[in-house]
Amino acid sequence: MIRFAGVACLARIATAAALAATALAASGAGIAPADRRSGYAMMAPETRRMQDDDAENPGMLWVLDGRPLWTARPAPDAASCAECHGDAETSMKGVAARYPAFDDGAGHPVDLAQRINRCRVLRQRQAPWAGESRELLALEAYVALQSRGVPIAIDAGPRMQPYLRDGRAEFERRRGQLNLACSQCHEDRWGLHLGGSVIPQAHPTAYPIYRLEWQSVGSLRRRLRGCMIAVRSEPYDAEAPQMIDLELYLAWRARGMTFEAPGVRP
Amino acid sequence: MPGALAHVVPPKARRGEIVEVKTLASHVMETGYRRDINGIAIPRDLVRAMRCTYNGEEVFSAEFHPAMAANPYVAFTTVATESGTLDVEWTGDNGYRATASARLEVE
Numbered sequence: 000m001i002r003f004a005g006v007a008c009l010a011r012i013a014t015a016a017a018l019a020a021t022a023l024a025a026s027g028a029g030i031a032p033a034d035r036r037s038g039y040a041m042m043a044p045e046t047r048r049m050q051d052d053d054a055e056n057p058g059m060l061w062v063l064d065g066r067p068l069w070t071a072r073p074a075p076d077a078a079s080c081a082e083c084h085g086d087a088e089t090s091m092k093g094v095a096a097r098y099p100a101f102d103d104g105a106g107h108p109v110d111l112a113q114r115i116n117r118c119r120v121l122r123q124r125q126a127p128w129a130g131e132s133r134e135l136l137a138l139e140a141y142v143a144l145q146s147r148g149v150p151i152a153i154d155a156g157p158r159m160q161p162y163l164r165d166g167r168a169e170f171e172r173r174r175g176q177l178n179l180a181c182s183q184c185h186e187d188r189w190g191l192h193l194g195g196s197v198i199p200q201a202h203p204t205a206y207p208i209y210r211l212e213w214q215s216v217g218s219l220r221r222r223l224r225g226c227m228i229a230v231r232s233e234p235y236d237a238e239a240p241q242m243i244d245l246e247l248y249l250a251w252r253a254r255g256m257t258f259e260a261p262g263v264r265p
Numbered sequence: 000m001p002g003a004l005a006h007v008v009p010p011k012a013r014r015g016e017i018v019e020v021k022t023l024a025s026h027v028m029e030t031g032y033r034r035d036i037n038g039i040a041i042p043r044d045l046v047r048a049m050r051c052t053y054n055g056e057e058v059f060s061a062e063f064h065p066a067m068a069a070n071p072y073v074a075f076t077t078v079a080t081e082s083g084t085l086d087v088e089w090t091g092d093n094g095y096r097a098t099a100s101a102r103l104e105v106e
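Just so you know, the sequences run in chain order A and B.
Position one of the first sequence corresponds to residue 0 (numbering that gives the first Met the number 0), numbered consecutively onward.
Position one of the second sequence corresponds to residue 0 (numbering that gives the first Met the number 0), numbered consecutively onward.
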């Protein structure tokens, strides 16, 4: 009897393992390139129009603030962004679509906000801007605007591989009291509804975004934090390595898709 | 000065044509009814009014109230009469003032 129970128990474990393997395979397969869609495609026509028209896109208010931050010196003895990088319209074209990227000085991948703050600390000798601060988001939005229409192109070379792998593991790991992985919603159930909202595929094509819910521009980190809290897990710190790995994996997953910052999302 | 944007669509128009003016102002539009996580009331901070002049003549004005979204977007139409500028001015609580202007060419 005891032996029988043991066998039944093992059988159950085997079934569970088989189910888990199927789930992993389904998630691991990802979304076929032809089926990939930006969150833009799933928005209401009014919201799409808001993003398309620069006269209506509130993200342009951040771009407006970002332009002088690019050209003006942060201090009389510190070079401005423009003094080293020149005209952003040419020098920054396509740059945001390549981030997160490996930073030789840091020895690990950094996202665009970290890249801006590293320049600010190491080259301009200024205090870094706080995460989600108006200045940081404004300069990020201004730089990101220059990559509008450019395909996302993430370096997936050998030195990026461990970080991409970690990012993917984060994406597929169940977390929080709801015990949900990112992939369960954004790969297995995209297009369905969660409450009244369509579940998008989680492609970071438009960051920084103006999110109507926030009434403000915010970063991908802020968005990820929102999702982590929503599944009732402890969110990572904004600059935790896991957060950057996740940003990196998501950007790599969206490789080839058109960059559309500053986006508008519901 | 806080950021604000104004666009005229189309920027070049025939005399007598109806053009649309689209405006955005950077503002939190704090209602004064909300409380922070410690239960302390967040003071009201609103844009109270906006005004648009076309070559000095007022063509549109509006009063703003709570329950309007942050970074308010206002669009209105006017008739293109002569080439010139549309100057928009927003005023509000705590000495808020923002301006934006757009050029309109009339053929």
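Hints in this document: simulated from the structure, not taken from any laboratory.
Hints are not guaranteed to be accurate.
Stated by the list, open to error - So the derived label-pair ranges between C-beta atoms look like this:
1) A/31 x B/74: 56 to 64 Å
2) A/120 x B/105: 47 to 55 Å
3) B/14 x A/129: 29 to 37 Å
4) A/32 x B/48: 48 to 56 Å
5) B/31 x A/31: 44 to 52 Å
6) A/193 x B/14: 51 to 59 Å
7) B/98 x A/85: 26 to 34 Å
8) A/120 x B/31: 32 to 40 Å
9) A/31 x B/86: 28 to 36 Å
10) A/79 x B/102: 24 to 32 Å
Stated by the list, open to error - Covered by chain B, according to a simulated footprint, are these stretches of chain A (three or more residues, beta-carbon under 8 Å):
11) 49-59
12) 162-171
All values reported here derive from a predicted model rather than from experimental measurement.
C-beta atoms are modelled at their ideal positions from N, C-alpha and C, and glycine is treated no differently.
Hint by hint, here is what the structure shows:
{"no.": "1", "hint": "A/31 x B/74: 56 to 64 Å", "result": "violated (40 Å)"}
{"no.": "2", "hint": "A/120 x B/105: 47 to 55 Å", "result": "holds (51 Å)"}
{"no.": "3", "hint": "B/14 x A/129: 29 to 37 Å", "result": "violated (51 Å)"}
{"no.": "4", "hint": "A/32 x B/48: 48 to 56 Å", "result": "holds (51 Å)"}
{"no.": "5", "hint": "B/31 x A/31: 44 to 52 Å", "result": "holds (51 Å)"}
{"no.": "6", "hint": "A/193 x B/14: 51 to 59 Å", "result": "holds (53 Å)"}
{"no.": "7", "hint": "B/98 x A/85: 26 to 34 Å", "result": "holds (30 Å)"}
{"no.": "8", "hint": "A/120 x B/31: 32 to 40 Å", "result": "holds (38 Å)"}
{"no.": "9", "hint": "A/31 x B/86: 28 to 36 Å", "result": "violated (52 Å)"}
{"no.": "10", "hint": "A/79 x B/102: 24 to 32 Å", "result": "holds (28 Å)"}
{"no.": "11", "hint": "49-59", "result": "holds (count 6)"}
{"no.": "12", "hint": "162-171", "result": "violated (count 0)"}
Checked against the numbered hints given earlier, the structure breaks hints 1, 3, 9 and 12 and satisfies all the rest.
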